[in-house]
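Taken in sequence, the protein lines are chains S and X.
Mind the numbering: the first sequence is residues 1 to 359 in the working numbering, read in order.
Mind the numbering: the second sequence is residues 1001 to 1280 in the working numbering, read in order.
Take every hint as true, because none was put in to throw you off.
Here are some, though not all, of the chain S residues that point toward chain X, as calculated from beta-carbon distances under 7 Å:
no., residue
1, Arg272
2, Asp289
3, Phe290
4, Ala291
5, Ala314
Computed cross-link-like contacts, SDA-like style, restricted to lysine to any residue with a CA-CA straight-line distance of at most 25 Å:
no., chain 1, residue 1, chain 2, residue 2
6, X, Lys1195, S, Phe290
7, X, Lys1222, S, Ala65
8, X, Lys1195, S, Arg327
9, X, Lys1195, S, Gly299
10, S, Lys240, S, Val225
11, X, Lys1222, S, Gly292
12, X, Lys1222, S, Arg189
13, S, Lys104, S, Arg66
14, X, Lys1195, S, Asp329
15, S, Lys162, X, Val1247
16, X, Lys1222, S, Gly242
17, X, Lys1195, S, Ser284
18, S, Lys240, X, Gly1233
Per the computed footprint, the stretches of chain S lying under chain X, defined by three or more beta-carbons under 8 Å from a beta-carbon of chain X, are:
no., stretch
19, 261-269
20, 294-308
It should be emphasised that the hints constitute simulated quantities derived from the structure, not laboratory data.
Bear in mind that the values here come from a model prediction, so they are computed numbers and not experimental data.
Backbone N, C-alpha and C fix where the C-beta goes; we use that ideal spot for every residue, glycine too.
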Amino acid sequence: MSHHFDTPTAREDPRINLCDLYLFEGSPGHTVMAMTVNPDAGLSSPETFRDEGLYAFRFDLNGDAREELTFKVRFGAVEHSNGDEHRHIQHFEVRQAVGADARKGAEGAVLATGETGGGVRDNGISVFAGLAPDLFAGDAAALRAFNTTLAKENRFDAEVWKNRKNFFAKRNVTAIVIELPTQMIGRGRIHAWATVSLYGHAPEVQVSRWGLPLITNVLIPDQDVREIYNRTGPAEDREKLGSVLSQFTARVSGLAGSTPNPAEYGQQVADRLCPIMLPYELGSQAAFDFAGFNGRALGDDVMDVMITLASNVALSDGVAPDRTRIRPDFPYFGPAFSAEEQAGIPPALKRSSAAERRP
Amino acid sequence: MALTACKEGLRLGVSRRALLQSGIAMTAMGLLRGWAFGVDAPASPELYVFRAPNSANTVIGLSIPADRVFSAPTNARIHVGTMTWAADLGNSARTRLPNDSRVRVFTGRGMTGAHLAETVVLELSARELAPAATYDVWAEISHGNKQRERVGNPIVTALVQNDQELGRIYHRISPVDDRAVLTPVVTRIIAARAKRYSIATNPVAYAERLAHAILPDAIRFKPGSPLGFSYAGQNGRHPAEKTAQIVDTLLGASHTPSVDQQTNVLFDHFPYLISSPKLT
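Chain S with its partners taken away, still in its complex shape (with noise of 0.2 Å):
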């Protein structure tokens, strides 16, 4: 549960719930940017993409916690394929966009396009939208039980991370991937953070956004607070979300006595967390680890790195990504979770009647 199912507009349209974001070196001279979405695809969510949804990969390339450059992705409408109605297909459009077009709109130059279900390779770019097996791993049952006791009794209970399960284990997501060469991004320390907007019939307005592993889900409790989150800017995150993450990690710093002075502990935090991007150096192998966020690989376990990040106290919740599950070339995610290896696993979440009607 990086960020899956972690509002109410997510829960109802996990199509606009942005999921994950990773950003890593991919072939020689090549990076790969990759978005997931629709969290517990097929069985709690669509398989499908928003068509009035702008799904985003943006660049801060001046450390102004704005963007310069930004890939933008959109999707046509859901058509069956080859008159195969249990095949759902949509075209898709990916374009680059500088400039006040980076920061606004979908205009931007035509980099690709193809349909979902397949990658498209074209003048060094590549591009693949579809099912495939969410690499996040967690422990969300121990999540919930930490925060619960936390709001409840106030309590700090490192004892609940002993449960050891991934909740996320043999369920898939619908993932964007786009790997180009490393120049069409710039050169050396970058900032990274993606965002799924709605646009079209109405003014654009983002719904959901991912800077960072577990920003809701393990640091921001109030719903009202998360909803902020996602539908505003880096640029604006120390003055909306500074005092919520310091007074949230003093807080739990405090309970868990592991550190002599919360307060300051929790303003450590903050600094280091906001504005909420992920730092990449283009060009080097990406890590989301102790020792530093430098972009995130398919396979890093960053749910450990979080809570524990939260706490001040080396937790871990025992459980790490899939790795079998990561190709090593393009499109990097392996095949998607067939309904063979995923019997009796039960959906994530009920699915609301409006969402049941989709694709």
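With chain S's structure known, arrange chain X on it following the hints.
Quick look at chain X alone, frame taken from chain S:
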């Protein structure tokens, strides 16, 4: 008076040749005494940089296990950026320099946590350090003219304690040479641990990043930023912090269950690290 503490500039620096000679002698002597560079070694010197409990002053504390202060004259030097303070230790007199308006200095023996230790404590007025500047803080301890050891970041201290080869090199040099001299061996050690404990997808890349972060070996200190040696960052080091757990996590025990670590008690009055000394 046993104490000859003074504030000096870089002019105090010992020549590199002298350090090399003293480092070799120290290594040999340490092995003979059976305490150096092994997992069973007793506590090492520890360095702390923190804010005074009731003011904006900065406190820098050096704690040396008492059994490491030999009959030979022992001298400690604490470096804060380009500033250096030196003090003679070992006669067990609790002494301090007369206060001036900017720096208080204490040396003396007392209990720090569970250990009897010789301590050197500096309290620097808030005006002494620029809030936005970053200072590298480290200390070196000379036992007569035969041994030299140094101390900075506890992550490096842990590595040095557990690797004889690294220890041999480390104590001979100063931070200015750390990146050039120590990076290969530190990277190799961390990578091996990262692989053994499955810390990272790519142990070598992990080791390279961590080595770059901890070398040159010093406690980084930015007075105007939130302080703490924690999972959120390393800015200073407070005596009551559970530093060992963070070091364990970074060096290979990322899944270590949380263990209550013995931490030091901090007293609310100068010299903070040890209790109510009688100052002479």
